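A.B. asks: Protein sequences appear in the order of chains A and B.
Mind the numbering: the first sequence is residues 1 to 860 in UniProt numbering, read in order.
Mind the numbering: the second sequence is residues 1 to 550 in UniProt numbering, read in order.
Note that these hints are calculated values from the structure, not bench results.
A portion of the hints provided could be inaccurate.
What the hints assert, rightly or not - Partial pick of chain A residues on the chain B-facing surface, computed with a CB cut under 7 Å: (1) Ala303; (2) Ser598; (3) Thr635; (4) Gln639.
Because the structure is a prediction, the values reported are computed rather than measured.
Cβ atoms here follow ideal geometry from the backbone N, Cα and C, with glycine treated the same way.
Here is what each chain is made of, one letter per residue.
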Amino acid sequence: MTTSRPEKHTSGPRTERAPAGAPSAAPARTLAEELRGRPDDSLAALLRARPDLLNPVPGDLTQLATRAGTRASVVRALERLDRFTLQVAEALAVAPDPCPYATLDALMGGDAPEDPRIAAELPRAVAALRDQALVWGAEDQLRLVRTVRELLAPSAAHPSPTGLGPSVAEATAGMSPGRVQQIIAAAGLPATHDPVTAVAALTELFEDRARMSALLDTAPAEATAVLGRLVWGPPYGTVTAEPAAHLRWLLDRGLLLPAGPGSVLLPREVALHLRAGRAHRAPEPVAPELAPVTEHSPRVVDATAAGQAFTALTTVEDLLKGWETGGPLVLRAGGLSVRDLKRTAAALDATEQAAAFWTELAYAAGLLASDGEVDERYAPTPAYDEWLLLPAEQRWTRLATAWLAATRTAGPVGGRDAKARTLAALGPDLDRAPAPEVRHRVLALLATLPQGGSVTPETLLGRLRWERPPRGAVTGGAPAGRPGTAGAPPHAPHDDLRSRLALWTLTEAEMLGVTNRGALTDHGRALLGAGGTEGAPWRPAGEAELGAAAVRAAARLAPLLPEPLDHVLLQADLTAVAPGPLRRPLAQTLGVLADIESKGGATVYRFTPGSVRRALDAGRTATDLKTFLTEHSRTPVPQPLSYLIDDVARRHGHLRVGAASSYVRCDDEAMLAEILADRRSAPLRPRRLAPTVLAAQVPPDALLDGLRAMGYAPAAESAEGDVVVTRADAHRTPPRTAPTPVPEGPPVPDPTLLGAAVRAIRAGDMASTAERKPTAAPASGGLPRTTSADTLATVQAAVLTGAAVWIGYVNAEGAASQRVIAPVRVEGGFVTAYDHTADEIRTYPLHRITGVAELVDDTV
Amino acid sequence: MNGPLIVQSDKTLLLEVDHEQADACRRAIAPFAELERAPEHIHTYRLTPLGLWNARAAGHDAEQVVDALVTHSRYPVPHALLVDIAETMDRYGRLKLMKHPVHGLVLESTDRPVLEEILRSKKVQPLVGARIDADTVAVHPSERGQIKQTLLKLGWPAEDLAGYVDGEAHPIELEEDGWTLRPYQRQAVEGFWHGGSGVVVLPCGAGKTLVGAGAMAQAKATTLILVTNTVSARQWKHELVKRTSLTEDEIGEYSGTRKEIRPVTIATYQVLTTKRKGIYPHLELFDSRDWGLVVYDEVHLLPAPVFKFTADLQARRRLGLTATLVREDGRESDVFSLIGPKRFDAPWKEIEAQGYIAPADCVEVRVNLTDHERLAYATAETEEKYRYCATTATKRKVTEALVRKHRGEQTLVIGQYIDQLDELGEHLGAPVIKGETTNAQREKLFESFRQGEISVLVVSKVANFSIDLPEATVAIQVSGTFGSRQEEAQRLGRVLRPKADGHEARFYSVVARDTVDQDFAAHRQRFLAEQGYAYRIVDADALLTGGDAA
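If we strip away everything but chain B, and leave its shape as in the complex, we get (with noise of 0.2 Å):
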């Protein structure tokens, strides 16, 4: 009764990290808790439906999960806690997914009020077909993403033994040549592989690309990649080249200005969910070749359209790749019934005490708005208030400042507002990269930021994502989309790549004091201060009297 575990009522379960047996307790609860915060001194899990019913897919059962949380819990566990778990595991498997030889696509069930329940719910309804006997009703093909997510939805979730088509193969080789898999990315690509379909979390710099090529390694088939947007795309493509036996021609973009379909695929989100007419005119991309994986690149940004086309896709393997599930609207659950559920999960700060990224020093400098500035915001509308707050130009001083502190270091400035953007460019006599800024240009300057021909480099929204630019080493972030936690994390991503020389990397977050800018930051800091990432707050006035706070 002395364990480090404590198990709450609302279902969290606590985890004491520096206590001697937490590596023992992390790895006994890791397979059915989602790990939820994981700051410096107790990490919080949850038990969630979803979890169990995952650990239940993979294997483990209800003993299990309750042996896991009586041996290492310090209190004693709440009986009806383990008996709601046990009740819960029950659920999964009472139904089950089956191929059929003679109706093809079934649902079998074990239980058979379990089966004439669900068949009464008007949402499973139009799903089924006919009742072939008393326990076995037939599926429509088509709709196997959609019963599961149903079935999740309504508590019993089916297990899905219909298994995937092989795809139309094509030879994939890893060329492992003066480089490896991290032990990690192994680990990531092999637990993908046995469950089938499922999400990859790593976090930004962790090299996802690599766990996508090693997945293709082992699919050793035709794929599709979605990623979200051209420049990754090329980027993706390069990295694939480099690391495996596939050649520029094997692989193909289909993007805005290129169509191209080969047996390795590269789209964007943005050119599927194009609509013209009020049709999907480039959805037939899934259709035209018989694809063995399909890998979602930052799959916590999947648009809605998306999710329907994938809830067909359901007999292909599906690899999803993110740094950060977290969605504002909530559709996490979704991402794992239509894609998979999580198979790998590494925390940050563990990755990053691997060495395979860049420790960061995450800095919160609060700006004094003049009284002027206050003024001007107290009055303005209320939609205009965060806008006027995140561009005023006390703000442009301090990241001015904080570019010159760090004058010789790769520097990046990432902002929401093109009218900042512009005039902070011009100030510091550096370019800036926008939406309007063609893919050419883009991958222009960010090839010479690469090569160090330039130092500052000024950047949008576009940059938020999925670019490779290993030298920056000091990020300033201006302005961004509101609260988004996931922004925050993977504007830090870009700085994360490690160093030549172990060098720690600079997160600076410029933010008006007693504004919402404020408040947003608050939240935006929320996911990377549960991963343990301590932001330290400074203020501008310190800094720009050239103090060395930072």
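Looking at chain A on its own, in the form it has when it is part of the complex (with noise of 0.2 Å):
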């Protein structure tokens, strides 16, 4: 609806936005007003970097302003600023409203700036600032939003993060106007009777850089060290009853004012004075750089981490394989107990933490879920049969971005929550909204490196912190009237939760393969898809991007990992070595045939009489198995080996005989040959062992039931004991999807979202801020009243001229509404038009328009 830009306002201290259509040049009185000057890509920015401020779309840009001030939505909208924006913000919360430009930067960078980079990057920072709607007005009078002000303002409950106290006029509120021409005098200053007049003189005379410091000069030692233990805050201390002598100088002076019994303060304007202007200790206008970077071979990174993936895969792989008969229990608060998590570490021969990472990867990935039945179990789902069956560069990726976009996080597990409760792998509890957009950044920065270059955690954390700094800086302005919030609690370095999401993102990177000693592999890259787009807000990645970044980390990972082997080398100390990962059926078979002995790289096995009877018992003969085992070794099978399977086949042969229950033993040999011949039986695949036995190769109850079915009466022999024919099918459960990631607060909007709400949120405005022809004089209600006759003839009149009218609707619901609306066509007792507020061509009754009038100027 109007113009748009196509560049960014990014840079430059702004002195004067064109105003679209905006009637006139003058300077903004409001936040409200501002914007309404702003272009609409300006207004998309804001809404995307502050997206809660959408929900629900507001009416008008008053509405828009009005949200955009309250506490709820400002404390959001600081914790996303980076540390210097912040420390700006800081910075004009403590300065006079309005704020120059100059006076701000004299605040950051001092009476005589050393780093020119604060003055290079402060134009960022109030821009930034000003896009969020956190600053408005022109560069000479920069205006903090009340409420940001409010929540960084020093006061005695909460100190702010630049150490300074109140100001003089502040602080010296209740005093009794005796005390101030006390302080007056003692100062030095001429006598006025009028304390306004005082308190504004000795605040000139502490900003004066000159006779303060001449005042100073007189100090005695023991003051000026006061002051110096006050000045880089907090800026309170404690006082007797009788002061010290170099106390009582500071009192007498004013340097020092009283904060309530006992304490006293240090005011702004003193403590900014001995700190030679700064409002900042510190401040850090650039991010900290990502150095120094240690340079790995991109080449055995890429390659260590590609053995890591495929060994990633085969741990999801073992810890599924574990669960498909008689996975862990399901607790009644949900989750994995804690026995069962170390079952499942010592199984998989990890560390608890590690274990627990496992399963919720396999869990994001859909790959596991319980079972919904009476007594709950964890099992894989369906899509674990499926994902089996994808080639491993395939089956990384799936891990790999499910594990990307998970909100759920392995690493709190066997912390305990906020009411001492034990967070369980796979329970409740585990969801931290920020993890997705942390994985992403952390993962973005290393792919800022070069190629094989790592970087240490802590530089890493130093980053993020800068980026954004933790929650704790912020919430040292806690709400006001909260009691007890003096000071921000003291952060352990690691201890916020960004902090450690990250750290745990860099481990969780190293297991799955992703970056090796520290270091972004090349399939890593990849995955985080086209570089991240700088600067701009992280939002979750669709469901196609996903896809597509999928694709290429595949391609990219494919030829990394080691080609799938179909044979393995026999041994006379009855082992086989597999020296690379095998085929998926030989691997199978092997598995069953012989005992794992270590794991790796190659696999070494090892021929048991154990192993060999399992491999009988799931339906192979010796037979079988020896020619399995001629066709994939490549050494001769040593004589051991088949001495091994024969003994174990023909003890195994007695004991079918005896107690295996699929078989069917009877003495009449006609009618074993009446089963063999009849071709119902050719399910069962039954095979004479000998006259009076029949063997069949399903398990025992499908065999009764087929013998049944049959007409025949067998009776099962024995079901109990040791014997346990055939491997129990693996338990599924019904299927599932993978959870869904559950984002913090709305979802960040997309462009066509944005656009629409700032048309509507212009339209309303224009609704509700458009000047109207006197003509029409609406009645105090606000709904224009013409006659139903005025009404069509001006309608119609407007769909000829294609311009904009401003009517007053009742809707069916009796619902009363100003709606500014472009008529296309009239007929039938309806207007059809296409509506400003709404946005769309409506169809409106005549009946139910109360009146209409014509805009004052058509800026439609």
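Put the two chains together into one complex; each comes in its own frame, and the hints tell you how they fit.
C.D. replies: Rendered as structure tokens:
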């Protein structure tokens, strides 16, 4: 509806924004007014940065401005500022309101600017604050939104992060005029009876560097020391009823002012003088550099990470395979019991923390869920079976993308929540909303390093904390009236959630093979997408975007993964060594036929009577097994091994006759012949072992059923004992979807939504602020009133001219509203019009239109 | 990325022996990785903290280890494993045992927190004396071995820089007339001497006695030799007189029958561990002379009390000799920490390839028990089962058939149970050597066996070790000490002395099928199988019916 500006407003102190159709170029008087003057894409940027303003879509710009000033929204916005921008906001909070740009510059840089970067970066910070509607006003009178000032300004209850105290005026507010007079006199200022003038004079003295220096030169040494202790904050100290001489000297001159019974404070102006005008002890104008970079060979990094990626796959597979039968029970409160986690960790030969990560990973990827039965257990999902069929690189990207997007984190597992309950793996309360963003950011930062480069976690955390200072820094200005929050709680270096998330991300990325030796791999970069558009706020990648990234990553990973082999080496000490990963069917069969002794790049299998028996139990025969081994061995099958198989098979045969259940035994040889000859027995796959014994390769119950169906009356011989004939069926949950990420706050809007929202706000704003032709003379209720004939005429005229009109409208529920519409046609008692307020073509019954008025000036 | 080595996550290393770079790789990893198994195609090495620390002690650093792994590995080596190696190796040498001019033996640390940590351990406290300064603490000299062992268990191995006493000098020379030390024996002696103390692992029949003699010739000091039994003691004496400048008079025997203490004294473990009224009366032997060298023969058999005495001998050079450093009690690490790390190790098949031990054909003869025997076996008490199945009449018949088959060859029949052996001796018309046979009688029988006057000898487990019978070419094992791996290897060792005509040795193990005998046999064979001895399995029936399956 208005002009759209292709370029982004990011640089330079903006002196004036070209107002889009604004009636005047006069400085804005309110935030709403200024917003009205901003171009659409600037509004869109604001809404993108603070999506909570969009819920629900504000009716007009006044509403938007009001909402932008609410405490919750401001706190949220402040939390998302980088450290320097926050420092600028803090400086503005201790500066006069409005504050000229030069004053702010001086506050940040000090009287004698040392760091040119501060001056260089300041415009960026101011622009950022302005973009977020935290600061408004012209350059010579920057105004901090009132709520921001309240949150950041120092007061006794919550000192400012700047360490500055209240100003002289604030501190002397409750002081008796007589006392003020004394101070004036002691400071050597001309006496005045007006306390306001007196305070102004004192403030002026404190702000005058030359006179102040002269005054302080006369201070006793102890007094200077006291000031030195208070200068960088906290600016409060205690005094006894009878202060020592040097304290008295300071108190007399107002260099310390009483803050309450027994306590004094250092006025802001004095502190600023002592700090040479600097609001912050250490302004951090630019993000800490990611240095020093440790360079590793990118080839080694990629290859080792690929190895780790492969390990990740086998670990997840081992985990779920173990849970195929008799997976762990789901706790009543949800999640995995500590004992089950321990057991899992032991099975995976990993720490409990790592085991929690693997289970959460499988869960996030939708490979694992609870089966929802009466005694609820965890089991692989049907998706797991599909996953198994994928090539290795795709299996990996499936895990990696699930990890990247999940809000669930394994990091807190084993810790305790606010109610001191242990957080269980797979349990509730593991969602950490910022997790996907932090993961993404950590990897994006690593991606800025040269290939194979890594930095220490501390460096990375430092950078992250600069980009998004921990919450404590903001909650220093906690809601007023909440007692006992004096002073930000001391934060351990890595104690805040984002830092912990970042540390978890680093270890998890390493375990997944996204990074190696702290360096992002090539496939990791591909996974990250097209370089993570620097500067734009992060938003969760869409399905398609993630899919494309996964395909790219898979393509880069695939050549690094070891080629699956189809052979093993058999040795006389009854071991088989697979010198690399094996093809799936081979690995599966071998896994049954032999015990795995050692895993890694290669797999060492050991044949034992037990393992061979297991293979026989699974329906293989000795001949089968020997053929299988001959086919897949590069070396001749050693004699002891074939002996072992024969020996076990021989005894296994005995066992089957005596106790196995998948056989039919009958003294009547003819009857067995009959069963064999019967075509219906084909599905049972009967095999005659002896004249009186028939074996079937189906489970006993199926065999029984089959025989019964054929009209026999078989009896099960024995179902108990340690002879379990076949592997139980792998257990699966019903189809389950993976848990969806639970982001914090409203979703980040996409451009379409933003555009629509901006148009809607504009239109609403126009509706509420458009000046109308006085002739319309709307009633005091606000709705225009015209006769139905006038209405019809005006609307018809508008159709011809294409002009927009302002109507009063009562809907079917009887609710009245004002709308700005551009009528398209009028027929059958209905007006079809483009509704600027709703931003769509709508049809209005004429009889519901209370009145119509032309707009003063066709701004639409 | 196509090396012969595969690094597993459980810290085993798989070496593909047929790979062209296998030899280079083996040389690169040998200093720090323990060879665990050496079958035909893939050898397994293991990385252990002990192995890594020994490598550190021998002057290798973590970088070399990591480099060796990375260079030869086929797949990328997990970074965590490399970090772990570096960290493990870094633990070595933070603590040092030193000789202090004033305070005597002291423990010094370059890392104060480590010292604080170990001093807080209850196990260390009784072993140390006064704190000398922040980084040093005095150690009771008598606890030198104990503290080393304890620190090793705590994971902070101490570097022992306190040195050795030279002992009482005594001239000993090798007399290499018509023979020389074999290259690997020379390497073993050098490896031991440079390391100060340690264990040399050589296959049976590869001439460990000469390694001992070589070490003595290096030490040139009074020597205490500890052996398993009297016969072995006599053989040592015989060898030493033959191979070195020592004379009969210089060598004493300290055993149940004789108590001689000479510049070179050979004592049996048995006499040392004889306990009378709660004390070990023969312990003073250790202090009776200023020994410059203590040799432990068959160190894998070192009885527990000797471990304790050995802990007190840390200032003397110690040499351990063995063929099979596997202990069913798992005390290998005590051997390493008290006697010293492995200084030399040669795979059996390698020595065989060099022709210093005879190639051997190992055959497991599976005997089907008769129905009657099976029934009796099935109803036997659990603790009697092995005895029963190991001594069945069927086995005896098979054994006799085997002896007949090898008529004319020098044959040893080895067993565990005296009744069985007596019976066998009777049926075969062969003399039996068992525990109650006097030493004189034993030596006489061994001598006539060596001379070929008798061709079949039935022996009990007294002949497991250190019996030198070069002419034996066939050994038939009828029963054993349950699943003892080292016994199996030692028994095979009886026939591994190289034969004059390069003849292949035969080792039969007669096993009753489908009984615990078979399970024990499988366990017993593991060591040899892992050394590359592939057992053949033969059915006794085929053997008895005259088919030449063996």
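A.B. asks: None of the hints should be skipped; say for each whether it holds.
C.D. replies: The hints, checked one at a time:
Here the hint on A/Ala303 is kept, as its CB sits about 4 Å from the closest CB of chain B, short of 7 Å. Using the Cβ-Cβ criterion of 7 Å, the hint placing A/Ser598 at the interface with chain B is satisfied: the shortest such distance is roughly 5 Å. Satisfaction of the interface hint for A/Thr635 is found here, the shortest Cβ-Cβ separation to chain B being roughly 6 Å, below the 7 Å cut-off. The criterion of a C-beta within 7 Å of any C-beta in chain B is met by A/Gln639, whose closest approach is roughly 6 Å, and the hint holds.
When held up to the earlier numbered hints, the structure conflicts with none and fits them all.
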